[in-house]
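Got chain A; can you put chain B with the ligands on it based on the hints?
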Amino acid sequence: MNITILFGTESGNSELVAEDLGAELGAHHDDVEVRDLQSFDPSELSAERFYLVICSTHGEGDLPNTAIPFAEAFDAAPPELAGVRYAMFGLGDMFYEETYSQGSEHLDRRFAERGAVRVGEYGRHDASSWDLPSDAALAWLPGVLAAASVPA
Amino acid sequence: MTTVPRPQIAVVGSGPSGCYLAQAILRALPTAELTIFDRLVSPFGLVRYGVAADHQHTKAITRQFDRLFQGGGARFAGGIRIGDDVGLAALRDAFDAVILATGLPADRPLDVPGADLPGVVGAGAVTRALNAHPDAPTRLPALGGDVVLLGAGNVALDVLRFLVKDRSGYAESDVADEALAGYLAAPARRVVLVSRSAAAASKGDPQMLRELAALPRARYSVPDPAGPADPASPAGPADAGDRTAAARAAAVAALVDPDRGPFPGPEVELRFGAAPLRILGTERVTGVELDVAGERIVIPADAVISAIGFAGEPRDEVGRLIAETPPDPASGRLGAGLYRAGWAQRGPRGAIPENRASAKLVADELLADLASGALAVDGDRPGFAGLPPETRARAVDYEHWLVLDAHERSTAPADRVRRKLPDHDAMVGIARGDAAAPHPHP
Ligand SMILES: Cc1cc2nc3c(=O)[nH]c(=O)nc-3n(C[C@H](O)[C@H](O)[C@H](O)COP(=O)(O)OP(=O)(O)OC[C@H]3O[C@@H](n4cnc5c(N)ncnc54)[C@H](O)[C@@H]3O)c2cc1C
Ligand SMILES: Cc1cc2nc3c(=O)[nH]c(=O)nc-3n(C[C@H](O)[C@H](O)[C@H](O)COP(=O)(O)O)c2cc1C
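Line by line, the protein sequences give chains A and B. Quick note: the first sequence, position 105, residue 104 per numbering that gives the first Met the number 0, numbers continuous. Quick note: the second sequence, position 215, residue 214 per numbering that gives the first Met the number 0, numbers continuous.
The following block holds chain A by itself, in its conformation from the complex (with noise of 0.2 Å):
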């Protein structure tokens, strides 16, 4: 499998959690990139790949900064999403009940509309839980293989 790991941060722990992944998934698939979503186009995405997007959540339950220019970029110029497959998982704190992990959620929703499917489960970290959001995300991964090795 090719595999692509998007990452949008603000503080920089999905930065982290893309890289440990990225370690992780370089061990057994010989096509595994890591890449920053501030230097990621839209028009890159495509079913030949599978993506992991990791991607945490800032101010009242909006992107992180570094997510902004590619979520604008995709509105200016939707891309065709059919046959892209994701897996998602968001970063957030329950400290912040009303809008809890919503910031991976405005990817999510955007891929959905262009006919991309997410498979596996959504993952989420919360910062309130003592959980170290990489060991989150590990636990997290190999279900999401499995769903991804079943062909859609």
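Simulated from the structure, these hints should not be mistaken for laboratory data. None of the values given here were measured: they were computed from a predicted structure. Please note: incorrect hints may appear among the correct ones.
As the list claims (entries may be wrong) - Heads up, incomplete: computed chain A residues facing chain B, CB under 10 Å, no partners named:
id : residue
1  : Ser-10
2  : Glu-14
3  : Pro-68
4  : Asp-92
5  : Glu-120
6  : Ala-126
7  : Ser-127
8  : Trp-129
As the list claims (entries may be wrong) - Distance condition first, Cα-Cα at most 20 Å in a straight line; then the derived EDC-like pairs of lysine to aspartate or glutamate:
id : chain 1 : residue 1 : chain 2 : residue 2
9  : B       : Lys-58    : A       : Asp-107
10 : B       : Lys-202   : B       : Glu-353
11 : B       : Lys-202   : A       : Asp-61
We put the CB at the ideal spot given by N, CA and C, even for glycine.
Just chain B with the ligands, lined up with the frame of chain A:
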């Protein structure tokens, strides 16, 4: 360009900006040898000593920074004050590049008459004492029954939360219990928060106000017209700024909602659109004169806590340099091979994540200087190994810090996640495993 020999890079300050900067440099330049100095024994700057003790979820960012030191990617050299223990010139001789990430530790002075009266206290002094900072006294100054809090940013809201809470509000925190107990023995009966801006335009995060509303403590009122107004913008879709302003106004409205219930704790007046004119008193503070919509109002006060921002502190050569160089958010370059980042670069604005963005900018400048040759790396600089042997021997390293960290956690009283020692030398002793380290009470 030929391949760059291992550049020796010194980062002065281990707060968020120093740590983000080290991360960014190591990602781009994995061969770099990084030393992060701090004048304190413990790393992480204001994450440890500014962020409120009852916000442990915010302090959890240190687990990201731990990575830097765990893998041996960066060396921690604590207990070394650059500009005093080691001169800036000596540091620049030993390292190819030096980045100052020293923050802005002093409370910005209040520029109204009477600001020097006893009883006027900076928010930094209060938050440091509650965080057991080794420079702060272990007890807070006596605040008395009537407290006026100047400012409405996040730091002011941290202080307000402290003034309204009782002991039960600190479960699972690392609050300095001695400072807390001193306050709770004679807590404020009346608190007046004074904000120059209207409620919707004030600086605090809506979430900080919601947290106050959800606490079963204190009674709030907003006596002035600049309270929770309708912040809806006249036309066009609401942008994030409008939504934040609306959320802030709604959170203030929830605080003063008559249905919120009468809770124990102080009476809190939120005075928005009010400007302090002078502090009244002869021997010590007795009141504050405010201008509210052109009208002069006097509020009685036993203490005034100013939470109006932070400034440089010229107590060493580096502190002087930072205090005297105006902020420049666009660039961290002070000269080839000398840079600054974080609050020392941008001024005292912005939460932890903002330091990541600015650290990236400064790391990019440094990398550009390396690529252009403006910053030449000849491979001859010794880095940490070039510092005087006494200095190297005195430096507290990351392993030492882990010993102190484990000690703080294991000696924490029930209901506390750690017990910080407020004394620098005692911290050094425990970090180094000195046999004479004092033991906690059973
Ligand atoms: C009271 C308070 C509460 C805050 N609460 C929050 C919060 O809840 N959430 C949030 O996101 N942000 C919060 N902030 C903002 C956040 O702390 C800052 O954005 C951030 O700490 C700035 O990082 P820095 O690395 O530039 O400075 P600092 O964190 O101040 O780090 C500077 C470091 O440099 C060291 N140093 C200074 N001079 C020298 C020297 N000469 N030699 C060696 N070392 C030196 C210091 O010991 C310190 O460790 C708070 C700020 C304050 C003041
Ligand atoms: C200013 C600020 C606002 C936040 N707002 C939210 C929020 O609305 N909802 C939420 O679930 N988490 C919120 N968070 C928590 C972050 O999503 C969480 O800390 C996450 O681990 C950050 O990941 P990152 O480092 O990749 O940006 C906020 C954090 C900060 C600092």
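Structure-based check of each hint:
1. Ser-10: Constraint on Ser-10/A satisfied, holds at 4 Å.
2. Glu-14: It holds, given that the least Cβ distance between Glu-14/A and chain B is near 9 Å, below 10 Å.
3. Pro-68: Pro-68/A check fails; min Cβ-Cβ to chain B is 13 Å, beyond 10 Å.
4. Asp-92: holds (6 Å)
5. Glu-120: violated (24 Å)
6. Ala-126: Hint on Ala-126/A: holds, closest Cβ of chain B at ~5 Å, below 10 Å.
7. Ser-127: holds (5 Å)
8. Trp-129: Holds, because the Cβ-Cβ distance from Trp-129/A to chain B comes to roughly 8 Å (cut-off 10 Å).
9. Lys-58/B to Asp-107/A: Violated - the C-alpha atoms of Asp-107/A and Lys-58/B are around 29 Å apart, more than 20 Å.
10. Lys-202/B to Glu-353/B: holds (16 Å)
11. Lys-202/B to Asp-61/A: holds (18 Å)
The structure shown violates the earlier hints numbered 3, 5 and 9.
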